[in-house]
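With chain A's structure known, arrange chain B on it following the hints.
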Amino acid sequence: MHIMEGFLPPFWCALWYLLSLPIVAYGAWKISKLFKEHPEQKLVMAVSGAFIFVLSSLKLPSVTGSSSHPTGTGLSAILFGFSVTSVLATIVLIFQALLLAHGGITTLGADVFSMGIAGPFVGYYAFKLSRKFNLALPLSAFVAAVLADWTTYLVTSLQLALAFPGSGVMQAFTVFAGVFAITQIPIAIAEGILVWMFFDFLLKSRPKLLRQLIGEKDPANPSMN
Amino acid sequence: MQDWQKYLLALMVVVAIFAIPFFLNPSAKFGGADNAGTNAITAQQPDYKPWYTSWWTPPAETATMLFALQAAIGALIIGYFIGYEKARMDANEPLKKSKEN
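From first to last, the protein sequence lines are chains A and B. Just so we're aligned: 78 in the numbering used here is position 78 of the first sequence, and the numbers increase by one with no gaps anywhere. Just so we're aligned: 262 in the numbering used here is position 37 of the second sequence, and the numbers increase by one with no gaps anywhere.
Just chain A, same shape as in the assembly (with noise of 0.2 Å):
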C-alpha cells in the first residue's frame, strides 16, 4: 500500500495530507489524554504498535507470485480505535519513508488514509458488527483484522485510481486492484490468525483491561466493571 516518493500528483498529495492531518492530530491528542486518565493502557497500546510495526516490515509471499506486507493496524483498531491507530501508523510510515525509500513523505498523507485510518476504521466496526452477531471475542478480532487489512489496499488502489485514471476511474480502479486485491487476501487472513491468537491471549491475561477498553461488561460478572 505505500505510494512511492512522488507518484502522486501534488494535488492528490496535498488533499490526503488535509484529509489524514486533523485525524491524526485527534488522535495524538487522545493517547496524551489516554497516558494520563489510564496509564495501566499503556503498555497494551505500546504492544498493539508493536503489531504495526512487526507486521507492516514483513513483505510476504502471496499465492499470486508476488510478494506483500500485513498492515498490522486491527488490533490497535479494535483496543483503541482509528484515530489512535493512526497516530502509530504515521510513526511507522515515516520511519520507512525516510530511511527505507519505502513510500515517501510527499505521499505520506495519502498512505496514512489508507492504512492508518480507513482500513482501521472499517476494522473497528467490523468487530463491532461482529459482537452484534454474537460472534466470539477472538474470532471478532480476527474478521477486523482480516478487513483492516484488506480494506487498506483497496483504498490504495482507489486512491491511485483518482490520481491516474486513464480511460475512467474504474476502469483503473479495475487495473491498481489487480495488482493488490488478490495477493493480499492470504496475507490479511495470516495476520487475521495472529490477531486471533494474541486476541485470545490477551482475553486470559487481562480480561477487566481488554472489556474496558472494547467497552463491554463481562457477561459472566456483570458486577465488576
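Mixed in with the good hints, there may be bad ones.
What the hints assert, rightly or not - Covered by chain A, per the in silico footprint, the following chain B stretches (three or more residues, Cβ under 8 Å):
| hint | region |
| --- | --- |
| 1 | 232-240 |
| 2 | 243-253 |
| 3 | 278-290 |
| 4 | 308-314 |
These aren't lab readings, by the way, just hints derived from the structure by calculation. Note that beta-carbon positions come from the ideal geometry of N, C-alpha and C, so glycine has one too.
Quick look at chain B alone, frame taken from chain A:
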C-alpha cells in the same frame, strides 16, 4: 485442547499460508506489490514523471537490516509483554505452581 497446542496449530497454518505459494508458483519472482503498483502507474500514464524523489535510498543490504531492525523492535515489545503477563498469571496461581514443581 490446551492453549499452547491451539496456538501452535494456528502458527503452523500461518507458516503454511506463506509456504504454499512457493509450491504453486515455483518460477515466480515474488517481487513487491508496491513496486508493481508503481509500474501500473507508469503503464496507466506513461508520460507521468515523479516530481520528487526520496532524499536517501539505502543500499539493498542496509535496507534489509533496517527492515529487520523494525521487526526486532516490535518483536521485543511483544515478547516483553507476553513474558510479563505469563509471570504475572503464574504468580496469581501459586497453588497450581506448587503442584507442578
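Against the structure, the hints:
Only residues whose C-beta sits within less than 8 Å of a C-beta in chain A count toward coverage, and the region 232-240 of chain B has 5 of them, enough to reach three; the restraint holds. Coverage of a stretch by a chain is defined here by at least three residues with a beta carbon nearer than 8 Å to that chain's beta carbons; for the region 243-253 of chain B and chain A the count is 7, and the condition holds. Counting residues of the region 278-290 of chain B whose C-beta lies closer than 8 Å to any C-beta of chain A gives 7; at least three are required, and the coverage claim holds. With a cut-off of 8 Å between beta carbons, the region 308-314 of chain B has 5 residues touching chain A; three or more are needed, and the interface restraint holds.
In summary, the structure agrees with every hint in the numbered list given earlier.
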